[in-house]
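Visitor: Quick note: the working numbering has the sequence shown finishing at residue 296, numbered continuously throughout.
Please note: incorrect hints may appear among the correct ones.
As the list claims (entries may be wrong) - Ranges between beta-carbon positions, derived for each pair: (1) 185 with 146: 32 to 38 angstroms; (2) 52 with 205: 31 to 37 angstroms; (3) 117 with 266: 49 to 55 angstroms; (4) 98 with 281: 24 to 30 angstroms.
What the hints assert, rightly or not - With a cut-off of at most 16 angstroms between alpha-carbon atoms, the simulated EDC-like pairs for lysine to aspartate or glutamate come out as follows: (5) 295 with 237; (6) 295 with 251; (7) 295 with 153.
Because the hints were derived from the structure by calculation, they are not lab data.
Here the structure is a predicted model, which is why all the values come from computation and not from measurement.
Ideal placement from N, C-alpha and C gives every residue a C-beta, glycine not left out.
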Amino acid sequence: MPDHLPDCPCCGGALSPVDFAVRSTWPDPMLALTPPEREATWGNEHLRAAEGIGAFVRCLMPVSLTGGGTLEYSVWLRVPAPMLRHASEIWEAPEYADLRLEGTVANAVQPWAEMLGAPARAEVREPDSIPYLVADEGTLMHRILHDEWDRDDVLSRLTYALPTPVRQRITTRWSLDRSAGLELRRHEDRIYFTGPGRTVHLDPLGTPAGSPPADVIRDLTADAPRDRDGELTETTDGTHRYAFWRPALGDGRILHNLHGYVAVPGDVLHLVCVFDDPADLPWAQHVWRSVRPEKG
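Working from the sequences, and respecting the hints, build out all of it.
Guide: Spelled out as structure tokens, the structure:
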């Protein structure tokens with residue numbers, strides 16, 4: 001089964017594996033309101049205002065990624081109320097091409113959480129597009145707009161399914177490939193990836209100091225079911241891997257599970273790849289082999 005390529009969560013259209021768009025639905029200050037209260041505020045998808053909270057204009061924030069891709073966020077700029085009124089009056093008029101805005105960013109976006117409240121300006125570059133953020137040299141916003149950012153670090157912060165694989169850091173110790181089409185979800189202190197016909201559960205574990213990785217995995221799997229379709233053991237550069245796979249009954253149907261273990265001195269990661277189609281076994285093995293220890 002090929003990787004499921006998701007549609008855009010904003011518009012429902014096809015997603016590019018290179019260039020992405022992310023939309024902040026509301027200014028962060030409005031998130032304190034209940035959904036009905038937010039819907040009752042003045043404005044539309046590009047202009048918003050709420051008494052006691054502020055006035056906001058949606059703007060584009062393009063970010064350059066390593067490898068040549070781009071990630072275009074739409075974020076809200078908090079502006080003075082008269083500036084919002086002026087923008088509303090000319091939004092559909094020829095004068096819109098000359099619109100200039102000045103205010104502070106009203107969304108915290110990872111990995112730049114400190115951008116919330118940072119000063120920024122915006123200008124219209126295309127008459128059929130919302131304004132683009134601009135910033136003065138030496139400011140945080142100028143760095144965000146003009147520096148190149150690590151693709152995996154930025155994309156791995158997005159929880160919805162992406163049309164491309166991304167190297168996902170799951171703890172300070174472990175990372176692995178999050179396959180195209182898999183959404184990142186969290187439950188309590190654990191994370192997992194899920195999509196049509198595929199799920200990856202992750203369980204980082206500690207190990208006794210001084211225990212050889214191979215011995216740790218042997219102890220963890222001592223009580224594992226012996227009826228299995230296959231198993232693999234691999235050791236490279238001090239990292240010990242063991243996996244076995246077998247069908248199992250789940251939700252009244254047959255599912256296929258690969259239990260994978262990756263261990264280094266002091267740490268072990270247990271993952272379970274659950275897949276509907278037995279032909280997805282190479283995918284599950286790739287996910288298991290993609291796990292690697294990180295420094296710090």
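Visitor: So, for every hint listed, does it hold in this structure?
Guide: Here's how the hints hold up against the structure:
1. 185 with 146: 32 to 38 angstroms: Check passed, 33 angstroms falls within 32 to 38 angstroms.
2. 52 with 205: 31 to 37 angstroms: violated, 49 angstroms
3. 117 with 266: 49 to 55 angstroms: Cβ of residue 117 to Cβ of residue 266: about 40 angstroms, so the range 49 to 55 angstroms is violated.
4. 98 with 281: 24 to 30 angstroms: At roughly 60 angstroms between Cβ atoms, residue 281 and residue 98 fall outside 24 to 30 angstroms, so the hint is violated.
5. 295 with 237: Cα-Cα ~14 angstroms, so holds.
6. 295 with 251: violated, 39 angstroms
7. 295 with 153: The hint holds at about 15 angstroms.
In the structure shown, a violation is registered for the earlier hints numbered 2, 3, 4, 6, in ascending order.
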